[in-house]
Structures are given as C-alpha cells and as structure tokens.
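A.B. asks: Now for the letters of each chain:
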Amino acid sequence: MNLDFSEEQKALKDHVRRFLSDRCPPAAVRAVLEGPQPFDRDLYAGLAELGVLGTAIPQEYGGTGLGPLDLCVVAEELGRALAPVPVSSSIYLAAEFLLQAGSEAQKKAWLPKLASGAAIGTFAFVEGQGRMTPDKVRAAVTDGKLSGLKSPVPDGDVADVAIVAARSRSGRDAGGISLYLVKLDGPGVTREALQTIDPTRSQAKVSFDGAPAELLGGEGDGWHIATQVMDRAAILMAFEQVGGSDRALEMARDYAVERMAFGRPIGSFQAIKHMVADMYVAATLARSNCFYAAWALSSGAAELPVAAATARVSATTAFQQCAKNNIQVHGGMGFTWAFDCHLFYRRSNALALALGSLSTWESLLIERMSARNTGEAA
Amino acid sequence: MDFEDTPQEAAFRTRARAWIEANAPKHLAPELKRASFGSSAVTSEDPLKAAKAWQKKKAEGGWACLHWPKEYGGAGCTPIERVIWNQEEGIYGALTGPFIIGQGMCGPTVMAWAAEEHKRRLLPPLASGEEIWCQLFSEPAGGSDLAGLRTRAVPADDGSGDWIVNGQKIWTSGAQHSDWGLLITRTDPDVPKHKGLTMFFLSMKTPGVEVRPIKQANGQSGFNEVYFTDVRIPDSQRLGPVGKGWEVSLTTLMNERLSIGAGMSTFFPELFRMCLETEVEGRPAVDDPAVRSKLAQFAVRQSGLRYTGMRAITALSKGETPGPENSIGKLVAGATMQELATFALDLQGQAGVVWDSTSPQEGRFQALLMRSPATRIEGGSDEILRNIIGERVLGLPGDIRVDKDVAFKDIPTSGRAKKGGKA
Numbered sequence: 001m002n003l004d005f006s007e008e009q010k011a012l013k014d015h016v017r018r019f020l021s022d023r024c025p026p027a028a029v030r031a032v033l034e035g036p037q038p039f040d041r042d043l044y045a046g047l048a049e050l051g052v053l054g055t056a057i058p059q060e061y062g063g064t065g066l067g068p069l070d071l072c073v074v075a076e077e078l079g080r081a082l083a084p085v086p087v088s089s090s091i092y093l094a095a096e097f098l099l100q101a102g103s104e105a106q107k108k109a110w111l112p113k114l115a116s117g118a119a120i121g122t123f124a125f126v127e128g129q130g131r132m133t134p135d136k137v138r139a140a141v142t143d144g145k146l147s148g149l150k151s152p153v154p155d156g157d158v159a160d161v162a163i164v165a166a167r168s169r170s171g172r173d174a175g176g177i178s179l180y181l182v183k184l185d186g187p188g189v190t191r192e193a194l195q196t197i198d199p200t201r202s203q204a205k206v207s208f209d210g211a212p213a214e215l216l217g218g219e220g221d222g223w224h225i226a227t228q229v230m231d232r233a234a235i236l237m238a239f240e241q242v243g244g245s246d247r248a249l250e251m252a253r254d255y256a257v258e259r260m261a262f263g264r265p266i267g268s269f270q271a272i273k274h275m276v277a278d279m280y281v282a283a284t285l286a287r288s289n290c291f292y293a294a295w296a297l298s299s300g301a302a303e304l305p306v307a308a309a310t311a312r313v314s315a316t317t318a319f320q321q322c323a324k325n326n327i328q329v330h331g332g333m334g335f336t337w338a339f340d341c342h343l344f345y346r347r348s349n350a351l352a353l354a355l356g357s358l359s360t361w362e363s364l365l366i367e368r369m370s371a372r373n374t375g376e377a378a
Numbered sequence: 001m002d003f004e005d006t007p008q009e010a011a012f013r014t015r016a017r018a019w020i021e022a023n024a025p026k027h028l029a030p031e032l033k034r035a036s037f038g039s040s041a042v043t044s045e046d047p048l049k050a051a052k053a054w055q056k057k058k059a060e061g062g063w064a065c066l067h068w069p070k071e072y073g074g075a076g077c078t079p080i081e082r083v084i085w086n087q088e089e090g091i092y093g094a095l096t097g098p099f100i101i102g103q104g105m106c107g108p109t110v111m112a113w114a115a116e117e118h119k120r121r122l123l124p125p126l127a128s129g130e131e132i133w134c135q136l137f138s139e140p141a142g143g144s145d146l147a148g149l150r151t152r153a154v155p156a157d158d159g160s161g162d163w164i165v166n167g168q169k170i171w172t173s174g175a176q177h178s179d180w181g182l183l184i185t186r187t188d189p190d191v192p193k194h195k196g197l198t199m200f201f202l203s204m205k206t207p208g209v210e211v212r213p214i215k216q217a218n219g220q221s222g223f224n225e226v227y228f229t230d231v232r233i234p235d236s237q238r239l240g241p242v243g244k245g246w247e248v249s250l251t252t253l254m255n256e257r258l259s260i261g262a263g264m265s266t267f268f269p270e271l272f273r274m275c276l277e278t279e280v281e282g283r284p285a286v287d288d289p290a291v292r293s294k295l296a297q298f299a300v301r302q303s304g305l306r307y308t309g310m311r312a313i314t315a316l317s318k319g320e321t322p323g324p325e326n327s328i329g330k331l332v333a334g335a336t337m338q339e340l341a342t343f344a345l346d347l348q349g350q351a352g353v354v355w356d357s358t359s360p361q362e363g364r365f366q367a368l369l370m371r372s373p374a375t376r377i378e379g380g381s382d383e384i385l386r387n388i389i390g391e392r393v394l395g396l397p398g399d400i401r402v403d404k405d406v407a408f409k410d411i412p413t414s415g416r417a418k419k420g421g422k423a
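Respectively, the protein sequence lines represent chains A and B. Per the numbering used here, the first sequence starts with residue 1, numbered consecutively. Per the numbering used here, the second sequence starts with residue 1, numbered consecutively.
Treat each hint with caution, since some may be false.
Distance condition first, Cα-Cα at most 30 Å in a straight line; then the derived DSBU-like pairs of lysine-lysine [as the list claims (entries may be wrong)]:
hint, chain 1, residue 1, chain 2, residue 2
1, A, Lys10, B, Lys318
2, B, Lys318, B, Lys70
3, B, Lys318, A, Lys13
The set of hints was computed from the structure by calculation and includes no laboratory data.
Next up, chain A with everything else stripped away, as it sits in the complex (with noise of 0.2 Å):
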C-alpha cells in the first residue's frame, strides 16, 4: 500500500506552482474579475507551453502522455492560484469525452488543439435550473441538425467546440440522449456571455438553431458516457477545490498570526484558532479522499464512481468552509474588494455548483452506495 503521489508527481507540482506563483499571481485573477478579457490568454498559452494542457494527452495526440494522476497534480496547483483559464472546461471534459468516445477521426482533429491551447473546448449540458436528470434535456438533433438552449456552458462564451448532449430521439428517458461535436463559431450558434458570482472562470448561454452537429460515441450512449466523464472531472476539480482550500486556509493562519487585537495576535484567541483548525480538519479528510479518488482514476478501479462522489462532496464542504472562515478570521478587511479573501469565497462557491451541486453530489454518492448494497465501500 502506498497512498502518496510519486517522487516525479510531486516535482512535476513544485514546478507547475512555481510557474504560476510568477505568471499568475492575485493580481492576474484580479485582472480578469475587473476587465473585459473572458480569461488570462497569456497564461492560458504559458501553461500549454509548459505541456500542462496535454498531461493526461497521449503523445499520438499532441499531449505529453503523463497520464491522470499528474494532471490531478496540475489541477491542485491550478485550484490554488485561481487560475482564470477554461482548463477545466477543455482540458478535464472536452478532451476526456474525446478520449472517451471519440473516434479515431475526431480524436486526431481535436485533441492536438486542445493540447496546444489552439483551440478551447467544453461541455454544453445543463439546461436551467435544478439537478440535471435525463428528462431536462430538451435539445435535440435531427438529420445532423442541433436546435436548443445549454446554460449555463463554463467557458461557452470562448470555446471553439463544444460536446453537446442532446436527443436523438424524442421522449424524457437517458436512452435517447446522445453526444455531438458541434463547432461553435459555425454557423446556426449564438452565444451570449452571462453575469455569474465568479466572473474569473466564465459562463455563457449558448443557442443552437440548426447548428451541425457531429455525432460523438454510439446513439443513445450519451447519458452513460457523460456520467463516467463527469465522474473524472468531479475528481479533477475536486483536486481544484483542495488547492484553493489549502490557499485560504493558509491565508487565514497567516492573518491570524499578524493581526493584533486586544493586545495580542488573534490567532491567540481560542474562537480564531479552533476555526482555523477546523479548516485544516475539513481540508485534510478532501485531500485524502481526493488521494483515494486519484488512485480510482489511475487505476480504472470499480469503485470509481463512489470515489468521485466522495472526493467531491468532501472538497466542495472543504472549500466552502475554508473561504468562508477565511473571510471570517480577516474580519471588516476579509469584505473588502482590496483583499483576496473574496476571490475564494467566489471560486469556492462556484466550483461547489460546477459538474453539479453539493446536494446532487451528496445524491450520487449514497445512490451508489446503495447500489452496491453496503457502506463498507466508504
């Protein structure tokens, strides 16, 4: 038994976190909460540069062929530093449904562009509000023809190709749910950039009118092959979560040291010192069950759907407690626009809903549970 990351693992997240303390500091989070670019072009070009987009892209492909494991490394460095790129979008979903279910055609014409950051992909699943099931999915395509309304799409407003699940055949049941490969900067696609609580990772409302649309994986497949995709991301971006929880917790510690009130440091104070470590707690039980979870991934375990669910629901309750404590222990300052704290009480907030909600997650993981007939699994 061994649960650490390797040697290479852990060299390969030094210097990913070295590359971003430089290239992507609050102040370019900052940039992208303030002005008008969807996202840190630069950086986004950077990280492909460094490989970083084609961690887990075979070398056939354009990638560096590392594999998961590396890229669950990469994505806690991402998490940490906020990075405002739609890695996530392209790089944990449109890549892995290519990899997934594409075919050989597909494969070789998207993911060399993925991997170089030449092109950006995404997800376009969600249609309105509340947990998605099989009956919300309204779009639908015939003979070739996507027709209908994906929102909110992450990183929508500046992909160049997005996997679409829509229906091939009318009714409300998963069966007739199938993916497409539609280009969004074709013809019969509007797009429209939306308003969101972390304007550093955009959101866009995404219309098909008669778009063409390419059929990704068999028909009716679509359903099962975004659940075991979904799973894999939930991990990544759980990964994402335990850096960003890491990040605010050690802000909080490092205020908590500095500040001084009532003559002493706060952090002194029981109240300041047992909420931090409560932080630590809820960040600790993440990243461990994110270690399980990135075994799963690696190793293609049974238990990677219960994995997935557990990793989440423990980093998105991590996140969501560190960023918010972290407010807490700046005090009057944690609410100002001036001071960082805000940038993860955002992300953390938006992450929690990002590949579906806490309570959606918290559904999945004991459904699964219950279908294995035993708690032992956890």
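Here the structure of chain A is known, so what remains is to put chain B in place on it, guided by the hints.
C.D. replies: Positioned in the frame of chain A, the structure of chain B alone reads:
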C-alpha cells in the same frame, strides 16, 4: 499510488490469515459481530479471560505487538504489516481492548525511558497480555490542564532514596484489572507547573493504592478513581530525570492519540445498513434526499479518516515520524459518532427512545449515543486537540497563560483563591 500488497506483504497476509483461521476463538464470533461501542464485546464468558487467552495465543504464535522489537516480546514488523494484521484480525481485534492503553501508550513510554533491565522485565508480559497496564495521569483538578496535577511525591525521610506518594487520580481506564501503572506526580511545587513533575511506574498491588470504579453517565464502569496513601516507590522505578515528567508524558500522550484515533470506526457502515432497512414514508430511508445528504456527509468523514490514516502509514513506512497532525483522528471520529448516533435515533422516530434487544441492531445506536460524549473528552478533549492542531501543526500563537512562570503553589485554583486576591 496503490492499495496492492507487495509480494512480501501478500505473503505476510497469507500467513496471518492462515494463522487466524486456525487459532481464532470462533465460538465468540457471533457476539463480537454484534458488539457496540462502550459495552463489553463478550458477555457469554469473562471478557477479560477471553481477551487474555487470545492475546496469549497470539504471543505464542509470534503475532503480539507486531511493531515492537523481538527482545521485548514483539515481532519487529513494519507499520504496513501491522495494518495488514489488523485487517485480517477483524472482529477478533475487539478482544484487544484491555491491552490498548498498556501496549499503545505505557509500553512505548517504558521503551523510551526505562532502564534496560526494566524493559526486559516489563515489556514481554505486557505484549503477551499476562500483565495489564494503566495510565495514572488525569486528576480531579487536572484533566485538560494535565500539568496542574497535585499528586505529590516526596523523598522518604529514611534516607532510602524511595519516594512517598499521596494524592488522587481519576478517569483511569482499566485500573481495576491492572498489574502496573504509569504514574505522573508533582515533586516540586516551588517551580512553574510543567517543571516540577516526575514520572514513575509502580505495581498496582503496592500497599496504599486503592482503586474505586466510577459509575459513568452511560451506566457502565470502565473508568476508575485511584487513591494513593503513603505509597512507597523505589527511585529505580523513576522514568526520566526528576522534574522532567512533562517531557516523559509527551511520549505517552502522542502515542495515546495515535492509538485512540488510528482507524477508529464512526459506525457509518452500521448506520448505512440501518438506512437500507428503515423506511421513511413507505420507502427505504436511503431514498430520502434529506437522509442522503446527512449520510453523504458522514460517509466522507469516515472515508476521509480512513485515507488520512493510510497516508500516515505511508509516511511512517517511508521513515517519517508521526506528529501532532494525527490529532485529527479522534477529533473527527468522536464528534462524528455522537452526531451519527443522534441521527440514527431520529430516524427511528419516537421508538428511538427504546433501548433494548428489540431496538434496531440490538440498541447499538442507543449505546453509541450514551458512550460517545466520553470519546470527545478522553485522551485529549476536542478543545485540546484543536489547540494542538492550531499551535503545533499550523503554528498559531499560544493562548496567554496566567499560570506561566508562576510557582505551582501560587497558581489560583477552584478550591484555592489567589493569594492576596479579593476573594
């Protein structure tokens, strides 16, 4: 990153499994499976005898105190092999209860501080379960504030070099069965509290030692009060230098958190099983969204503890020393089992008040509800553990201490007003 056994680990597992299969007390299996937290696992025979019999058998087979050196009754195994053994021992591990404190805390302290001849005398029978140890630390006036303890050891006035001990200890688990005790005393009240302590070990049969069981809030009596009246201890039974008892105690306390927290179950699998079997409005409880949300949060805490433990073992096997971060285990497990028990009774509805053999899982959750408050206090309260995480893991500043640099005898206490104070 893997959960696979190496060839050597697999061979160890096979040997352990075969030995357990051939030697375990299988007639006790049904009641061990039903056992709940805070009650004796075995009721059909004397639980202490059953525990000693299994431990002796393990010792004879070379499976006792696996991680201890062979010369002290152990097997010189790696941390991973110890984990494998625990996995294979399974329900029979519940029989090791009476030895946890001795083997987990007192043993390592003796190993670190005692003279070689004492180690060779004391450790093998501790490993084999022939002798049981208790830890005589907490006092009525010093629990979380352990260094505030008042049990006094003074040099005998006959020039023998012996020490004479008077005072009272409390919350001593298993003192009624113990052969030996690890005892921390105050030898100098004129210096600040941490500096005037000295550690000893003594036979619990020494004249002047009196053990009185405490009836606990859950009706059981696992803890005791221990009174010392003019108890004479030879200086050769001192562990560490005079005045360094606090440093010696830290060896014990860190091992305590390791052995209490490591691999603690929060009873999640049992709760999950109950939720598969219990109905809410005509459907299994696991189908209810509110139940799912609660269960999911318990599930991720249980698995988080499990994999935090595995990360600690991985670090240990790479030669790293376990540190204060291990405080997380008991902190999370204690609070979780209390919340979990409360939730289990809630799902049972008004019938949850009933605690008898007709209750789901024979009243396991009622027993857990009634025992779990102690878990949040024993071996370092939740609050002390948060201080340890805050100060020793995260580096936050300590609280301002009014008793720092004050001679112990001048520290105000509940029964003793500050000298010259308004009281």
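A.B. asks: Output the numbers, in ascending order, of every earlier hint that fails for this structure.
C.D. replies: none
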